[in-house]
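Chemist: Just need the whole structure built from these sequences, with the hints factored in.
Sequences listed follow chains A and B, in order. Each residue of the first sequence is one higher than the one before, counting from 429 in our numbering. Each residue of the second sequence is one higher than the one before, counting from 8 in our numbering.
One or more of the hints may lead you astray.
[Claimed, not checked] Partial list, derived from the structure: chain A residues whose beta carbon lies under 10 Å from chain B: (1) 436; (2) 470; (3) 552; (4) 555; (5) 558; (6) 624.
No wet-lab data here; the hints were simulated from the structure. All C-beta atoms, glycine included, are put in the ideal place defined by N, C-alpha and C.
The chain contents come next:
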Amino acid sequence: MSQSIYCADDWLMIQGLPAERVAALAAAAEGGGWDDIVPGLDSLSLSWDPAQRSLEAAHAAAEALAGSDADAAPATTIAPATLHICYEAPWAHDADIVAELLGLSTDALPGWHAAQDWRVAMLGFQPGFAYLNCDARIPDIPRLADPRARVEAGSVGLLGQICGLYPHASPGGWPIIGRIAETLFDPHASSPALLQAGQAVTFARIDAAELARRTGGAA
Amino acid sequence: MTLTVIKAGLQSSLQAAPYRGLRKLAVPSGGAADGLSLALANRLVGRPLDAAAIEITLGPAEFRADRALAVAVTGAPCQVQINGEEAEPHQTLHLKAGDVLSIGRVWAGCRVYLALSAEIEVPKLLGTRSTLIGAGFGGLEGRAFADGDVLALGKQGDDAPALVTPPELQPFFGHGFVLRVVAGPESDRLALGMAALARKRWRVSSRSSRMGLKLQGNAIDLNSAAPIRSGAVFPGIIQCPPDGLPYLIGCEGQTTGGYPRIGQVIRADRHLIGQLAPNATMLLVPVQPDQAEQILHEKLKLWAEWLPGLALV
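Modeler: Set out below in structure tokens:
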């Protein structure tokens, strides 16, 4: 994959990156004087205030970063997260269609999903919404033809080759296979997002009763 | 020690500095859609340039001071009245307890800013008092104002000296805008290059909000409309969805996207996005990133004397 740098007047993007390189460069960019460091699925974007830093200096810093062997540095000093997931009805709306696309029986889907080594590729779409990827080959899972008017907070979807975690109840077009007990985003917390890019994620299976207990009956 | 919202209008909310450094958590920047007009309003009441003020969309809206207070109105041109008597935008206005301040429907532009001499007492969240209306947090309970809301005010008095924005510095808003743009990461997909953006007059559709604005005009030809691997978008990014009609990301727009990014409104002009109302027209003028940097420096120099420390975001 060839890496190149796109440059606007106050942000730039190192593009064409493998996922693990995105995480490594994002970690290496911390403390580099950037206003925002935004991982994408195959890119890393960095923004700055032109009143504080010149375009030339920003571009040079990004080139140095892109050329560094940040891979060698341990990118994942972030503690892995365990999320408690219920794959049972009524939270697994679209398990049938997803299982079929994966060539699995519906009963086998939870075991497959929980067995993967997931990693947070990026956050996007809405505050705390996490995009997870894994090493398994996943067929391109399409968006629902008829998006749901309401997807519950904590819903777990599979779209494209990505597993997505909904932090808030919202309309949504991702096929849903389960629901987690954890709160993904709390703006009042000192660290508002539970997950961050580069973090390893493990899913631990719970039943509907346990989900209800952990979510205070909100489920 | 309060201000009462008599009529909230279409959308009035508390806005101040943007959320900073949180885009990696998918928290939008938000803050005042027109940060320059916010700064101009705060300047007239002696508050920090990015202090929390009231952002009023299109008007009309009405407020009652429950104590003596200095206020100032800037942004989109509109009628301003105190107890039914004409008052002027761009100057310090002194209200007595019980005075009613009315903001009329805007004549041009989109957003009016009402700054107060006293601090509006809502808790700071993640470093600012700005309301993220889409995400539902910050400001007043994470929402736009409703009729009858009562805003708690700090102790600061009404003794702000009477000031007027120097006339030559009062921004003029009409129905047409010129926004300068640099190429976006996927501009190479434009079948006619950046000229495809520049040679058209775009109209803002009614599908417009702080999150983004859908533009109307002739559809753009792309060599490929295939989605991109999700990556960062910033306020001012112009996306090209499959229908070929551009979508301009607003201050509260999401932090990542999957549509081709065919242009980026330069930082120096981004505050103008907050003044684009439905039916406004705009020209997009391509510039190079180093020109955009120069334009920003010149714009900041222009404002340095009246608005020391102004940051355009």
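Chemist: Next, verify each hint and record whether it holds.
Modeler: Here's how the hints hold up against the structure:
Annotation: interface hint on residue 436 of chain A holds; nearest CB of chain B at approximately 5 Å, less than 10 Å. With its C-beta approaching chain B no nearer than about 5 Å, residue 470 of chain A sits inside the 10 Å limit, and its interface hint holds. The interface hint given for residue 552 of chain A holds, since its Cβ lies 3 Å from the closest Cβ of chain B, which is under the 10 Å cut-off. Because the beta carbon of residue 555 of chain A sits about 5 Å from the nearest beta carbon in chain B, less than 10 Å, this interface hint is met.
Residue-level restraint check for residue 558 of chain A holds (minimum Cβ-Cβ distance to chain B is 9 Å; threshold 10 Å). The interface hint given for residue 624 of chain A is met, as the beta carbon of that residue sits about 7 Å from the closest beta carbon of chain B, less than 10 Å.
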